[in-house]
Amino acid sequence: MALDITAIREQFPILDRTVRGGKPLIYLDSAATTQRPRAVVEAMEQFTFSHNGAVHRGTHQLGEEATDAFEAARATVARLVGAAPDEIVWTSGATAGLNLVANGFKNASLGPKSAAASRFALKPGDEIVVTEAEHHSNLVPWQELAKATGAELRWFGVDDEGRLDLSNLNELINERTKVVAFTHVSNVTAAITPIEQIVAAARRVGATTILDACQSVAHLPLDLPALGVDFAAFSGHKMFGPTGVGVLYGTREALAALPPVNFGGSMVETVTMTDATYLPPPMRFEAGTQMVTAAIGMAAAANWLNNLGFDNLSEYENNLAEELLKVEEIPGITIIGPREAHDRVALVSFVVDGVHPHDVGQVLDDAGIAVRVGQHCAQPIHNRFGVSSSVRASATVYNTVAEISAFREALAQVRPFFGVD
Amino acid sequence: MTQLYQQLILEHSKTPTGRVAKGELEGANSHGLNIGTSHQVNPTCGDEITLVAKFEGDKIADIIWEGQGCAISQASASVMTDMAIGQTATQVTDDNLLFHELMHSRGAGLTDPQAIEQLGDAVAFTGVSQYPARIKCALLGWEALRAAIHQAQLKGE
Ligand SMILES: Cc1ncc(COP(=O)(O)O)c(C=O)c1O
Chain A
58 MALDITAIRE
68 QFPILDRTVR
78 GGKPLIYLDS
88 AATTQRPRAV
98 VEAMEQFTFS
108 HNGAVHRGTH
118 QLGEEATDAF
128 EAARATVARL
138 VGAAPDEIVW
148 TSGATAGLNL
158 VANGFKNASL
168 GPKSAAASRF
178 ALKPGDEIVV
188 TEAEHHSNLV
198 PWQELAKATG
208 AELRWFGVDD
218 EGRLDLSNLN
228 ELINERTKVV
238 AFTHVSNVTA
248 AITPIEQIVA
258 AARRVGATTI
268 LDACQSVAHL
278 PLDLPALGVD
288 FAAFSGHKMF
298 GPTGVGVLYG
308 TREALAALPP
318 VNFGGSMVET
328 VTMTDATYLP
338 PPMRFEAGTQ
348 MVTAAIGMAA
358 AANWLNNLGF
368 DNLSEYENNL
378 AEELLKVEEI
388 PGITIIGPRE
398 AHDRVALVSF
408 VVDGVHPHDV
418 GQVLDDAGIA
428 VRVGQHCAQP
438 IHNRFGVSSS
448 VRASATVYNT
458 VAEISAFREA
468 LAQVRPFFGV
478 D
Chain B
2 MTQLYQQLIL
12 EHSKTPTGRV
22 AKGELEGANS
32 HGLNIGTSHQ
42 VNPTCGDEIT
52 LVAKFEGDKI
62 ADIIWEGQGC
72 AISQASASVM
82 TDMAIGQTAT
92 QVTDDNLLFH
102 ELMHSRGAGL
112 TDPQAIEQLG
122 DAVAFTGVSQ
132 YPARIKCALL
142 GWEALRAAIH
152 QAQLKGE
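Chains as they are written, first to last, in the numbering used here: chain A, 58 to 478; chain B, 2 to 158.
Since the hints were made in silico from the structure, they are not lab data.
Built from N, CA and C at the ideal position, the CB exists for glycine as well.
Treat the hints with care, since some could be wrong.
Simulated coverage check for chain B against chain A, where a stretch passes if three residues somewhere in it have a Cβ under 8 Å from a Cβ of chain A [stated by the list, open to error]:
id, region
1, 42-51
2, 66-72
3, 130-141
Calculated from the model, a selection of chain A residues having no Cβ within reach of chain B, i.e. all distances over 10 Å [said to hold, decoys possible]:
id, residue
4, Val256
5, Asp332
6, Gly366
7, Thr391
8, Pro414
9, Ser446
10, Gly476
Construct the complete structure from the given sequences, taking the supplied hints into account.
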């Protein structure tokens with residue numbers, strides 16, 4: 058069934074606005090943050106105006122309704138990724154989720170020792186494996202963990218096409234490897250990671266796997282238990298939901314063994330003046346009052362995505378990816394990442410010979426076209442390609458082929474404007 | 002767009018005053034002059050500048066810098082270099098304050114005719130002040146010069 062893009066666009070009021078003196082907005086920055094459909098905002102409004110109350114506390118009716126809505130939201134987001142509700146921990150976003158896991162490892166390594174947490178305890182001689190394509194949020198927490206524990210940080214490189222180089226898979230993932238943290242889709246190259254191969258290698262040596270699903274969750278059907286990763290993190294605001302909320306997925310075994318990281322109300326069973334015992338997961342990891350309204354919004358976004366259907370979505374976005382890849386037909390443009398439309402998402406990063414990305418972005422902005430410029434929080438992959446920054450255009454289901462043509466036309470004007478050829 | 006990228010800015014960005022090739026800064030001979038150095042980074046885009054200012058007494062005798070960045074940042078550092086050579090540290094600090102004021106004018110520019118005259122070619126950057134995300138680009142070189150002057154003054158004490 059083909060998607061009715063006009064009807065989809067109508068659900069996003071922001072797409073109707075104009076920018077920079079009356080130009081229709083062409084929003085090609087969904088990889089940074091997606092726009093929100095009415096359904097998401099309406100769910101949050103409905104909760105706020107009719108059911109808001111303190112969750113998991115007290116006995117009044119509003120408290121009960123709010124708790125039900127919050128837990129139903131957890132179940133909805135769980136379904137989106139094929140998980141059970143108790144495998145879903147609310148976080149403030151993917152960055153918080155990734156830090157939570159890394160800090161859990163740190164507590165297991167440096168804090169009170171427990172038999173359950175010993176699988177997460179790192180020491181000198183152990184190895185943490187990441188990739189050169191990581192967002193800083195899935196790199197720096199592991200650097201810090203390596204520094205704190207004396208473990209060694211190692212990484213998969215990226216080939217000239219921007220795909221992960223797995224040729225040394227069995228050397229890189231070995232008996233010393235304790236952690237393998239990697240992105241599902243690079244937010245710079247758009248390449249999709251062959252997860253199965255990495256997970257199989259990690260399992261052979263008993264390493265814990267952490268998947269950054271930020272750039273995949275709104276574009277590819279995800280079944281996290283089937284993928285076999287131990288943990289995964291993603292953000293609400295990159296899947297048509299609100300900011301301030303995200304999810305950390307963990308298998309029951311992994312969450313049960315991971316030491317808590319944030320301490321306080323809502324995560325304890327009994328507390329004396331000197332000690333405390335902790336609730337089981339997922340609440341063990343949800344200290345303090347949660348972002349309940351945002352969680353309701355994220356669940357509405359998950360439902361909205363499910364209603365579209367991932368088959369329809371992928372087919373449509375593939376088409377957009379092909380349109381985006383045509384930027385290389387413009388003289389002076391070099392893509393960072395694979396040139397083929399397969400095994401990628403609808404996102405393209407590139408450099409314009411002779412014009413700095415900031416200046417490219419400015420000229421596009423003047424035409425009403427919103428793209429991302431800079432390093433996209435991924436400096437190492439830019440270094441890998443010998444550039445200090447790039448321009449990134451990312452499209453999703455509310456974008457049209459006509460918009461991408463308009464983007465390419467505006468892009469073709471950039472070098473002439475700056476007098477380079 | 003031509004409001005923002007004025008001809009003067011485009012020209013300076015193509016052949017910036019004071020910009021030297023990578024590696025030339027290390028070899029910079031101070032010829033016995035007091036020098037100040039500063040390295041500044043714009044973390045959102047990765048743009049960088051490394052600047053060396055040479056002093057003859059309180060006067061800036063020469064400025065060279067090495068960097069990569071957008072047209073705005075390169076042109077701004079270039080115009081600044083033209084302005085600063087031959088001036089005292091106090092004068093340059095005063096120019097720097099005025100330029101900051103211009104950058105925070107939200108497109109309105111400066112009103113004081115004397116201030117406008119003092120900034121000279123640097124008023125071409127008025128358009129930048131309408132784009133909050135670009136102000137840092139225009140200030141990168143000025144920030145490097147401020148820090149270099151500070152370093153030289155500390156050494157001179
Ligand atoms: C691949 C990837 N990982 C992690 C993040 C961090 O997400 P957030 O800023 O929502 O925590 C992003 C978002 O920019 C991303 O694209």
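Non-interface claim for serine 446 of chain A versus chain B (Cβ beyond 10 Å) | Non-interface label fails for serine 446 of chain A: nearest chain B Cβ at 5 Å, not farther than 10 Å.
With a cut-off of 8 Å between beta carbons, are at least three residues of the region 42-51 of chain B near chain A?
-> Contact hint for the region 42-51 of chain B vs chain A: holds, 5 residues under 8 Å.
Is it correct that the beta-carbon of aspartate 332 of chain A has no partner in chain B closer than or equal to 10 Å?
-> 42 Å, holds
10 Å cut-off, C-beta based - proline 414 of chain A kept clear of every residue in chain B | Non-interface label on proline 414 of chain A violated, nearest chain B Cβ at 7 Å vs cutoff 10 Å.
Coverage of the region 130-141 of chain B by chain A, judged on three or more residues with CB within 8 Å | holds (count 3)
Is the Cβ of glycine 366 of chain A more than 10 Å away from each Cβ in chain B?
-> 37 Å, holds
For valine 256 of chain A, is the shortest beta carbon distance to chain B beyond 10 Å?
-> Valine 256 of chain A is indeed farther than 10 Å from all Cβ atoms of chain B, at 33 Å.
Classify the label on glycine 476 of chain A as holds or violated, using whether its beta-carbon is more than 10 Å from each beta-carbon of chain B.
-> 7 Å, violated
Stated coverage of the region 66-72 of chain B by chain A [criterion: 3+ residues, CB within 8 Å] | holds (count 4)
Decide, holds or violated, for the assertion that all CB atoms of chain B are farther than 10 Å from the CB of threonine 391 of chain A.
-> With a cut-off of 10 Å, threonine 391 of chain A remains clear of chain B, as the shortest Cβ separation is near 17 Å.
Against the hints set out earlier in the document, violations occur for numbers 8, 9, 10.
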